[in-house]
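Asker: Each chain is listed here by its residues.
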Amino acid sequence: MALTGIQIYKFLPKTNCKECNFPTCLAFAMKLAAGGVELAACPYVSDEGKAALAAAAKPPIKLIIIGDGDKKIEVGNETVMFRHEKTFVHPTALVVRIKDTDSADDVAKKVDEVGKYGVDRVGMTFGLDGFAIDNASGDAAKFLQAVDAVNSKTDLPLVLMSTDPGAMGQALDKVAAKKPLIYAATKDNIDQMLELAKKHSCPLAVRSAGGLNELAELTEKAAAAGVENLVIDPGTRDFADSLVTLTQIRRLALQKRYEPVGYPVITFPGEGAQTDEEEAVLAAQYVAKYGSIVVIDRFSPALALALITLRLNLYTDPQKPIQMKPGLYQIGEPKETSPVCVTTNFSLTYFSIAGELEGAGWPSWLVVCDTEGLSVLTAWSAGKFDAEKIAKTVKGENVAEKVSHHNVILPGGVAVLRGELEEELPDWTIMVGPREAMAVGGYLKENWKN
Amino acid sequence: MPEVEIPVEKWTGQVKTVKLGGGGRKEVVIGGQTTLPFLTFEGTIPNPPKIAIEVQDKEPSWPAPLLSAWGDAVKDTANWAKKAAELGADLICLKLLSAHPEGGNTGAAEAKAAVEKVLSAVDLPLIIIGPGVAEKDNEVLTAASEAAKGQRVVLGNCEEKNYRTIGAVCISDGHVAIAKTPLDINLCKQLNIMLSDLGVQNDSIIMDPDTGALGYGIEYGYSINERLRLAALGGDAMTSFPIINQVGSEVWRQKEARVGEGVPDEWGSHEERAVIWEEVTATSVINAGCDLVVMCHPKAIENVKATIDKLMGK
Chain A
0 MALTGIQIYK FLPKTNCKEC NFPTCLAFAM KLAAGGVELA ACPYVSDEGK AALAAAAKPP
60 IKLIIIGDGD KKIEVGNETV MFRHEKTFVH PTALVVRIKD TDSADDVAKK VDEVGKYGVD
120 RVGMTFGLDG FAIDNASGDA AKFLQAVDAV NSKTDLPLVL MSTDPGAMGQ ALDKVAAKKP
180 LIYAATKDNI DQMLELAKKH SCPLAVRSAG GLNELAELTE KAAAAGVENL VIDPGTRDFA
240 DSLVTLTQIR RLALQKRYEP VGYPVITFPG EGAQTDEEEA VLAAQYVAKY GSIVVIDRFS
300 PALALALITL RLNLYTDPQK PIQMKPGLYQ IGEPKETSPV CVTTNFSLTY FSIAGELEGA
360 GWPSWLVVCD TEGLSVLTAW SAGKFDAEKI AKTVKGENVA EKVSHHNVIL PGGVAVLRGE
420 LEEELPDWTI MVGPREAMAV GGYLKENWKN
Chain B
0 MPEVEIPVEK WTGQVKTVKL GGGGRKEVVI GGQTTLPFLT FEGTIPNPPK IAIEVQDKEP
60 SWPAPLLSAW GDAVKDTANW AKKAAELGAD LICLKLLSAH PEGGNTGAAE AKAAVEKVLS
120 AVDLPLIIIG PGVAEKDNEV LTAASEAAKG QRVVLGNCEE KNYRTIGAVC ISDGHVAIAK
180 TPLDINLCKQ LNIMLSDLGV QNDSIIMDPD TGALGYGIEY GYSINERLRL AALGGDAMTS
240 FPIINQVGSE VWRQKEARVG EGVPDEWGSH EERAVIWEEV TATSVINAGC DLVVMCHPKA
300 IENVKATIDK LMGK
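Those sequence lines, one after another, are chains A and B.
Note that numbering that gives the first Met the number 0 numbers the first sequence so that position 13 is 12, with each residue one more than the last.
Note that numbering that gives the first Met the number 0 numbers the second sequence so that position 267 is 266, with each residue one more than the last.
One or more hints might be untrue.
Claimed, not checked - Label pairs and their calculated CB-CB ranges:
| id | chain 1 | residue 1 | chain 2 | residue 2 | range |
| --- | --- | --- | --- | --- | --- |
| 1 | A | Phe81 | B | Val262 | 56 to 64 Å |
| 2 | B | Thr43 | A | Glu18 | 53 to 61 Å |
| 3 | A | His404 | B | Asp308 | 35 to 43 Å |
| 4 | A | Glu270 | B | Gly42 | 26 to 34 Å |
| 5 | A | Glu419 | B | Val262 | 33 to 41 Å |
| 6 | B | Arg163 | A | Lys115 | 51 to 59 Å |
| 7 | A | Val79 | B | Ile192 | 25 to 33 Å |
No lab work stands behind these hints: they were computed from the structure.
Glycine is no exception: its CB is placed at the ideal position from the N, C-alpha and C atoms.
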């Protein structure tokens, strides 16, 4: 449990020396409980106090790192049940499963396809995060071969899946330097798996055959053995059990500070689904409801696009809207006679106007100004969308060189900027478009004569 | 073995129960939960989320995956509604799009005819949505209301500028009003209060707090649903109406669902992508608290229906 200000106060010197820059020890304790200051600011706290406070300050869900280098997976450290309370911190890792029963050709093809998979959204590229190699054959030699085959072709992090400590040991001898996740310790093999995790300093997944009691027993055993870089699998696979169990795990960790389940959760939607669509929907549920790692069986580009998009959406800071990279965007294949429209870099504003232009069949140039992610009217009233900024963007993007005309269309909501913009862009004719994106098709039909 | 003590929330509120249909028509009940979506270990869910299938009053200008899935049925509103019923719709959501000033500008007589057509084609409860232009909504929804008198349909959308007219019509003809607000929990609550003050009963309001499709603002819809539901379970009466989301029309406006050619290879096959887009959007808003999703693609509808069953432990 997190300590209250009063509990913390007991460990402080109670001298009100003010060296922490707070008027009293109690004030400091209160601030510390609220997470607004570091314990180190008090020079006189006892060692006993430090230990107690350090334990209480531990994040309720441990941060786990899988892999190494730039592409390592970081999961855990979540602090809320709902994304509107505070941002979800570490986006769900999307990992694709390869089985050691797949042919060498299939493995090579899949590793290549998944490894280079990347989609552009809001001006950035997003991809998949790793591979899980499954010892489906039960044969240690085949497993080693598959691990080797995948490892030699990718620098993405790996999850090694086998319950056979012998097979796992051989694979780890080969790839431990990449810090793969060992999956999994169960009640039958936990002693050997703990040895492997310790020997190779790799994170370990713990799987319960059913229920949180067994899971807690296993993680407590691991922690007692000094293995604390854990990922948990409560063993639930279907829609309803998964939603309930993963919700309970998140609540236990956050609200009860129950450490035995304070670890990221790994999930397997493919095992709870009969069809591609079902796996897509279940994987999406895990992205939203408390899965930290999602292992995908039926990889397809469409599935990956949907999951990457959902993850991007749900893991954004609710206080900070998704922003487009400012710049000049082409809608369709605009020509030099096509319309030039101005908008802000709030993603939804961009999508609305881009969607309408495209839907109405108007290839266009869209000048996206940096308004720090605010919509047209909000940005205007906050002084972040003015004539100067629009003019700077139009000039900076060399729009004049892309088109044969000099007409630029302002969003109707900021018609008031027309005069100033005429001064800033003397070579251009400033047109005032409709207030709503929805009306842009009709507006262009009526007013665009080029 | 340690005995893990499961934390259980003690909710004090309950989502209001709204009955739709009746008067010779099938009856569908939504709302009534005393817990968050599908968390049956701490409350009850008497009525699982329902699916309404979108039907329009004119032949739709839809992208290929929808047109090929529906075939000729969409050429006639009555056939369309019948096929929707065969596909397992819980309700039919009739959209009077031809009344839009830029889409035909038809009036009360045409609206009445379209509603009567659907009412006689199927025995499911009906949701009737106007073209989204306040004046036209008032005109066609008033006509629709009369045509459906006694059959307890849902009329929408009541927005801030026209809630009085549509709210009054709902009161006089015994229908249910949709309170529609643009992605803002405070505006949502405010409109619910205004409708209540007007005299619309608690069992006759459902709220559409709006949502974007996956990739187009679903995070707003998702969080507003969650916030509304948490507020309702916390005991706030004016946020405790059942939630409706127009998933289908939001999804099928977007490029990922609409466009088959000239997109990156990473987007995968058009139909697969479009169906996943609609079902992921639908199940996400349902997991966040939506009680009634309006959808378009038969395959996505089938999958979402199956998902709801599974989440209810069936």
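Asker: All hints are to be evaluated individually against the structure, with a verdict given for each.
Answerer: Hint check:
1. Checked against the hint of 56 to 64 Å, the C-beta distance between Phe81 (chain A) and Val262 (chain B) comes to roughly 33 Å, which is inconsistent with it.
2. For the pair Thr43 (chain B) and Glu18 (chain A), the supplied restraint of 53 to 61 Å holds, since their beta-carbon distance comes to about 56 Å.
3. Range check, His404 (chain A) to Asp308 (chain B): Cβ separation about 57 Å, and the 35 to 43 Å hint is violated.
4. In this structure the hint that Glu270 (chain A) and Gly42 (chain B) lie 26 to 34 Å apart at CB holds, the actual value being about 29 Å.
5. Here the CB-CB span from Glu419 (chain A) to Val262 (chain B) is close to 39 Å, well matched to the stated 33 to 41 Å.
6. For Arg163 (chain B) and Lys115 (chain A), the Cβ-Cβ distance of about 58 Å falls inside the hinted range of 51 to 59 Å, so the restraint holds.
7. One distance hint, 25 to 33 Å for the beta-carbon pair Val79 (chain A) and Ile192 (chain B), holds here, with the actual separation near 29 Å.
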